[in-house]
Amino acid sequence: MEMIKKLRQGPAYSLILWGFVLAIVFLPWFFAEKPVAFGVISFLFIVIAISAFTLPASLLYKFKKTPQDRLEDKFVLEAGLRKACFFIAGLFFISGFVKLQDITGFSYKLDEYWEVFGTTFMKPTSLFMAWFVSVLEIALGFALITGYRMNITTWLVAGMMIFFTFLTGYSAITGAVTDCGCFGDALKLTPTESFLKDVFLTLAVFPLWLLRGEIKPMYKGKLPMGLTLGSFVVFGLISYYTFQHLPCLDFRTAYKVCQDLNYNWQNFNEEDEIIAHDFVPFGLDCDLNEFQGATLMVISYDLETASEEGLKKAVELANQLKGTDIKVIGSTASLSDTKNKYIADYQIPFCMAGRDQTVLKTMIRSNPGLMAMQDGIIKAKWHHNDTPTVEELKAALGKGCK
Numbered sequence: 001m002e003m004i005k006k007l008r009q010g011p012a013y014s015l016i017l018w019g020f021v022l023a024i025v026f027l028p029w030f031f032a033e034k035p036v037a038f039g040v041i042s043f044l045f046i047v048i049a050i051s052a053f054t055l056p057a058s059l060l061y062k063f064k065k066t067p068q069d070r071l072e073d074k075f076v077l078e079a080g081l082r083k084a085c086f087f088i089a090g091l092f093f094i095s096g097f098v099k100l101q102d103i104t105g106f107s108y109k110l111d112e113y114w115e116v117f118g119t120t121f122m123k124p125t126s127l128f129m130a131w132f133v134s135v136l137e138i139a140l141g142f143a144l145i146t147g148y149r150m151n152i153t154t155w156l157v158a159g160m161m162i163f164f165t166f167l168t169g170y171s172a173i174t175g176a177v178t179d180c181g182c183f184g185d186a187l188k189l190t191p192t193e194s195f196l197k198d199v200f201l202t203l204a205v206f207p208l209w210l211l212r213g214e215i216k217p218m219y220k221g222k223l224p225m226g227l228t229l230g231s232f233v234v235f236g237l238i239s240y241y242t243f244q245h246l247p248c249l250d251f252r253t254a255y256k257v258c259q260d261l262n263y264n265w266q267n268f269n270e271e272d273e274i275i276a277h278d279f280v281p282f283g284l285d286c287d288l289n290e291f292q293g294a295t296l297m298v299i300s301y302d303l304e305t306a307s308e309e310g311l312k313k314a315v316e317l318a319n320q321l322k323g324t325d326i327k328v329i330g331s332t333a334s335l336s337d338t339k340n341k342y343i344a345d346y347q348i349p350f351c352m353a354g355r356d357q358t359v360l361k362t363m364i365r366s367n368p369g370l371m372a373m374q375d376g377i378i379k380a381k382w383h384h385n386d387t388p389t390v391e392e393l394k395a396a397l398g399k400g401c402k
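Under my numbering, read the sequence shown as residues 1 to 402, first letter to last.
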């Protein structure tokens, strides 16, 4: 027992735990068809198994009367609590990173909840909340792993889990929101699946909260504080960067680069749903076939909230493409009067088809955003902050797909 205790206190124990966590996170990317789903499900099963041990053990430990009784169980219980911290942190890392690199998409999901609860006045806060919650998940993950200020950390983790359990429980009962957005677009869960997942995670967090005073920092000095606060700053900046450009990982399968959009809007996936669900070709409104030859699509789900500079750049690029073999076509969900006003004000030289707002938001996380296609194959996507030159557009259209 003494040898095991020394091993646990040494660097080897930390390396083994870190290696185990990283293996579960990254190995699915090499061996599974849906790596994020495989990784998340693996973590969930492990967390459930650990909570099955730590929950009753923590209750027995908490209410044992004599110090000697507690001392006998402390080593075993600490090991279980530490593992629970690691795997709950792993789930927070996956969930937080998937959302923070696409806070625009997460903010759309929050907007849905505000509408369901009749609190539409909260919509202006959605983007900030999406950023804050996503980055906080990462920071709390580091705090759990290092044991930083567990009294505050466990309260925050428990509060977050109770909040999300309430949201997913409400969705499961009412069916008002079909996907909680817990793992962004990387893993779609039904309301019932999301609720059960949050219930199990809340049960796993309860022993950590109950015995928060028993979990000591895993590293001495200021390292726990540095990792926790530093991760909030670093990942907060990463999130802001992806917001100003595009998500570094695109989980919207039907509209990913190198996808055949012409195939996706007409064919079914394994769930017997159209791959590009609810997509209707823009060219049907514009007497143009965007699936033949080279096409630049300018997408603005709402012209009134679109970046003025972005619209000007798109118009300038479209004017430069006149006389080339690259067609330009646009789409918006704005009403006809608004659309016609913006076409006149900005002298938009291309046809703007009217389409569903949700579809346009799904296609690209930018307002406006640009998408280049060659014979129906999506070759590139740009945020309006990265509007390409004519040469860059032609180079993107000429690139092959793996």
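Note that these hints are calculated values from the structure, not bench results. Among the hints, a few may not be true.
Cβ-Cβ distance ranges computed for the label pairs, FRET-style [stated by the list, open to error]: (1) G159 x T324: 54 to 62 Å; (2) K322 x L249: 44 to 52 Å; (3) C258 x N151: 43 to 51 Å; (4) S336 x W155: 29 to 37 Å; (5) E392 x Y241: 15 to 23 Å; (6) G159 x V116: 50 to 58 Å.
Distance condition first, Cα-Cα at most 25 Å in a straight line; then the derived DSS-like pairs of lysine-lysine [stated by the list, open to error]: (7) K188 x K216; (8) K394 x K327; (9) K339 x K394; (10) K339 x K361; (11) K399 x K313; (12) K222 x K83; (13) K83 x K256; (14) K312 x K322; (15) K256 x K188; (16) K341 x K312; (17) K341 x K322; (18) K123 x K188; (19) K361 x K188; (20) K313 x K339; (21) K313 x K394; (22) K256 x K399; (23) K327 x K256; (24) K123 x K399; (25) K83 x K123.
Please read these numbers as outputs of a predicted model, since none were measured by experiment. Even glycine gets a Cβ: it sits at the ideal position worked out from N, Cα and C.
Do the hints match the structure? See the list:
At roughly 56 Å, the beta carbons of G159 and T324 sit within the given window of 54 to 62 Å. At about 35 Å, the CB distance of K322 to L249 disagrees with the hint of 44 to 52 Å. Separated by about 49 Å at the C-beta atoms, C258 and N151 satisfy the suggested range of 43 to 51 Å. S336 and W155 have their C-beta atoms about 52 Å apart, which leaves the hinted 29 to 37 Å range violated.
Checked against the given bound of 15 to 23 Å, the beta carbons of E392 and Y241, roughly 20 Å apart, stay inside it. Between G159 and V116 the CB atoms are about 21 Å apart, so this pair departs from the stated range of 50 to 58 Å. Proposed proximity of K188 and K216 is contradicted: the alpha carbons are some 36 Å apart, above 25 Å. A C-alpha spacing of about 12 Å is found between K394 and K327, which places the hinted pair at or below 25 Å, so the restraint holds.
The suggested pairing of K339 with K394 is violated, with an alpha-carbon distance near 28 Å, which exceeds 25 Å. A hinted pair counts as satisfied when its Cα atoms are at most 25 Å apart, and K339 with K361 qualifies at roughly 17 Å. Taking the CA atoms of K399 and K313, the gap is near 23 Å; set against the 25 Å cutoff, the hint holds. For the hint pairing K222 with K83, the CA-to-CA distance comes to about 22 Å; that is within 25 Å, so the pair holds.
The hinted pair formed by K83 and K256 fails the criterion: a straight-line CA distance of about 37 Å is larger than 25 Å. Between the alpha carbons of K312 and K322 the distance comes to roughly 16 Å, so the proposed pair stays at or under 25 Å and holds. Distance check on the hinted pair: K256 and K188 sit about 17 Å apart at the alpha-carbon level, within 25 Å; holds. Straight-line distance between C-alpha atoms of K341 and K312 comes to about 15 Å, which keeps the hinted pair within the 25 Å bound.
Distance check on the hinted pair: K341 and K322 sit about 23 Å apart at the alpha-carbon level, within 25 Å; holds. Using a Cα cut-off of 25 Å, the hinted pair K123 and K188 holds, with the two alpha carbons roughly 23 Å apart. Restraint check for K361 and K188: the C-alpha separation of about 17 Å stays at or below 25 Å, so the hint holds. Distance restraint check for K313 and K339: the Cα-Cα separation of roughly 17 Å lies within the 25 Å cut-off, and the hinted pair is therefore satisfied.
Restraint check for K313 and K394: the C-alpha separation of about 17 Å stays at or below 25 Å, so the hint holds. Between K256 and K399 the alpha-carbon distance is near 15 Å, which keeps this suggested pair within the 25 Å criterion. About 20 Å separates the Cα atoms of K327 and K256, which keeps this hinted pair within 25 Å; it holds. Between the alpha carbons of K123 and K399 the distance comes to roughly 40 Å, so the proposed pair goes past 25 Å and is violated.
This hinted pair does not check out: K83 and K123 have alpha carbons roughly 38 Å apart, beyond 25 Å.
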